[in-house]
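Enquirer: Could you put together the complete structure from these sequences and hints?
Protein chains in written order, with the working numbering: chain A, 239 to 374; chain D, 37 to 486; chain G, 972 to 1263.
Among the clues, some could well be false.
Said to hold, decoys possible - Just so you have them, the derived chain A footprint on chain G, three or more residues with Cβ under 8 Å: (1) 1074-1082; (2) 1133-1146; (3) 1169-1178; (4) 1242-1252.
Read the hints as simulated data drawn from the structure, not as lab findings. Note that the Cβ used here is the ideal one computed from N, Cα and C, for glycine as well.
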Amino acid sequence: MFILKPHSGVPIYRQLSEQIRRMAASGQLQPGTELPSIRDLAMQHAINPMTVSKVYSLLEAEGVLERNRGKPMTIAKVARAQSPAPKRLQQLEPHLEQLVLAARQLELGESDVAKALRNTWEKTDERSVRRRTPAR
Amino acid sequence: MKAVARLMLAYFTGTRLLSIVTALGLIAIVGGSAVLFYLPPLVAQHGLPSRFSLAEEAALQMAPVAGVLCFIFGASLLPSMSMRLVTSHYAYVLPYGRVKLLASAFGTVALVSLVASTTVTLFFMDAGFPFLLMFRRGFLVSLTSNTILYCVLWFIGRSSSIGKLLGVAAAVATLVVPLRYQVPGTSITPVWIACALLWATLTAGVLLAPRMKLAYGGTRHSLAQRFGGASYRGGGREVDFMFGTANPWPLALGQIVPIAIATYYLRDYHPYAADAPNPLLAVMTILSVVSGGLTAVAATRARALWLRTHWTRAELFGRAERAFWGHNCFVLGVLLVALVAVGSWLELPTRMLVLWLGLLMLGTTLSTYLGLIVTASLGWTECVLAAATMVALLMMSIYTGAATTPPATIVALYAGLAVAALAFRQLAARRWARLDWMLCRADSTVRPAT
Amino acid sequence: MSVPYAVAHQLGKAFYGKRVLENASFTVEPGDIVGVLGKNGAGKTTLLELMLGFTPPTAGGVELFGHASYRLPGAAKARLGFVPQQDELVNQLTAADQIGVIASFYPRWDDALVTRLAREWELDLGERIKGMSVGQRQKLSILLALGHRPDLLILDEPVASLDPVARRQFLEQIIDVAADGARAVVFSSHIVSDVERLANKIWIVKDHRLYWQGDFDALKDSIVRLHLRAPRGLPDTIAIPSALSVQRNGSSATVVVRDWSDGLHSETAGKLGVEIEVEQLTLEDIFLELHR
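Expert: Rendered as structure tokens:
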């Protein structure tokens, strides 16, 4: 379900929480979808269960996940409606930073980058979003 | 409690060989004692007629005793296993680990002594001594001597060849000497004291080991810095160094100790019958075999030589043979000189001395080649051959020791043994030609040749 | 707040006049997986042995389950499990016998768990320990410490001789132990990638002291690599407090710093007149940088 790289510089909890947020926001994980239990997810990826627990708690506090008594964590039903645009934009921050850095290294100007962004936006539509992001 | 019981079970049945020995021991004890009780009295020794011949009677009476010995040795995993656990991290981590280990050791020794003293007391019942008195005595004596025996077994397991030699002698002594105290009339206070001291020391050693390690660790550390480390003495060649045959003198001269002790104890020994075995010869025969036992590590150690030199396996065999003979000559030589010395002192007849010399030489030869035959872990062939050789040698020593055996027979038998030695050599040579070092891996118990 | 399983304050140990460990303070809470890293000879094994009460501290103290570890009572030992660096098995026994002997010391022993793991890890319990390979002996040693379901499991280089498949199986088992949040694991290892996956707390033993003791995520945020770029030229001296190493490359430089926080970002960028990109390091890189 998730792609986690324990040996990249990015902490595992951040990788996991971002992926869950993104997949919930994009609709890839429908509201009500059950997430694996802490133990199962930890065993599957060979990571610390406390990390998984931390992510689940964090996302529950944010409203992305819902805890059900006795049953595994699920994607919250009103996740998309509740999360305001600025908050969702926040999730794009790291990607924007990477884009800007790369552009500067290639010595491209801001307007060139904006133009390329618009082109790419028009080329991709809803359907190809689903096709591109790995689903399981 | 269940830990103590489980440990004791492991001591008796931990390896296949030991379980068999324990089982045999129990069968011999129970069976032999039953035979003694329920068959018509064996009274031939008192001059009255009986159904059995002297020899059969002797065998029947020996059965329970042999059974007791088997039972005692059936628990010989006790010293090595309990010490391994006591000196490991487990002694710190297992709940009540030390106490339970100590209790299991005491329980095993007590059990073995119980069985031994019960069996032995049954023997003395015929002589009219009160059972309880004999039993109490017997149990105490047995407890003490078995404790010493297991300590000696531990020592044998950990030491080099010379230590093993002294250990074997000490083991034989612990089995024989206590018999003196078995008979009522001699004071058993020294035995009480010895037993109490032994167990007090063992208990203190096991329970207080961490504190002692702290207190004396510093001293041991500095001593080890100064005197520890291997020393390459003798200036021999590399081959000798690799095989461990560089210095024969500790072993050669070390033999004198058990010989001296045995001679001292047996100096007044006069056999009742003319054809009774001579224990002194038995002791010397055992000694002549020990140096051969040292050869058993040759195959494992030869691997390093094979890696370093251009010799083929067949050539390696020749080198090993030469190295070990070079070593064993000295050991054998000292043994023969000691024999002559003891023989003259005890004023044994010359004919006997000459024949004994021959027997000892045969003993060393046979055991050396037997050791060279061991090219993989000890399997059935090796054990059977070793047992058969030992039995043959001991029987020969009985035969030779008796004054009535005609010399011609003895010489003929010697010739037979010599042929057997040659056969062993051929077998060893053939095995070395196909030596497979994956099968004779250097165990952690085989110490490096220094 | 749950009671910590292990607490140490200013723990120190000196052997024959040499100081092997000094001033170590730490806690182990239920649910923790602690990874202990350090160069050989830095004092890792001493730290673990002090925790287990094998040797008394010469300074400070350490408590396990509320008792001084050097005088841990027998009942508390049933909650403790230890895997030594070199196995201490009885060579003459079979694996099943060895397990039986060790199991008899504990009030509870999970036979089903041991049998299942032996099957998964491909350990033949009928085999004599004498004939086992080093990896199998290590697996057996680990099994012996898991059977009584200890609350605190301490392992000293448990995977040094295991192949990658066996290592992964071991990792999964550690996760299983810690997953319910009521048990804790402390393990030392040179295989940093394993520690990176599993640990939520890291102890770095360096120069006989606990250089770092705390959250793994905090460690990753604290020791980072800064990439400085100054199109108008770097200053002659790059003075960043708590910098561990500096490498210049024309108009750019790489600086590894510790005690970094996001707040320092703009302050440092402004002071030096450079652009800073923060790169987070893998645990192995952190360890290497600390020992440069």
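Enquirer: State for each hint whether it applies.
Expert: Against the structure, the hints:
1. Under the rule that three or more residues need a Cβ within less than 8 Å of chain A, the assignment of the region 1074-1082 of chain G is violated, with 0 such residues.
2. Counting residues of the region 1133-1146 of chain G whose beta carbon lies closer than 8 Å to any beta carbon of chain A gives 4, which reaches the threshold of three, so the coverage claim holds.
3. Figure legend: the region 1169-1178 of chain G, annotated as covered by chain A; annotation consistent (3 residues with Cβ-Cβ distances under 8 Å, at least 3 required).
4. Counting residues of the region 1242-1252 of chain G whose CB falls under 8 Å from any CB of chain A gives 4; the rule of at least 3 is met.
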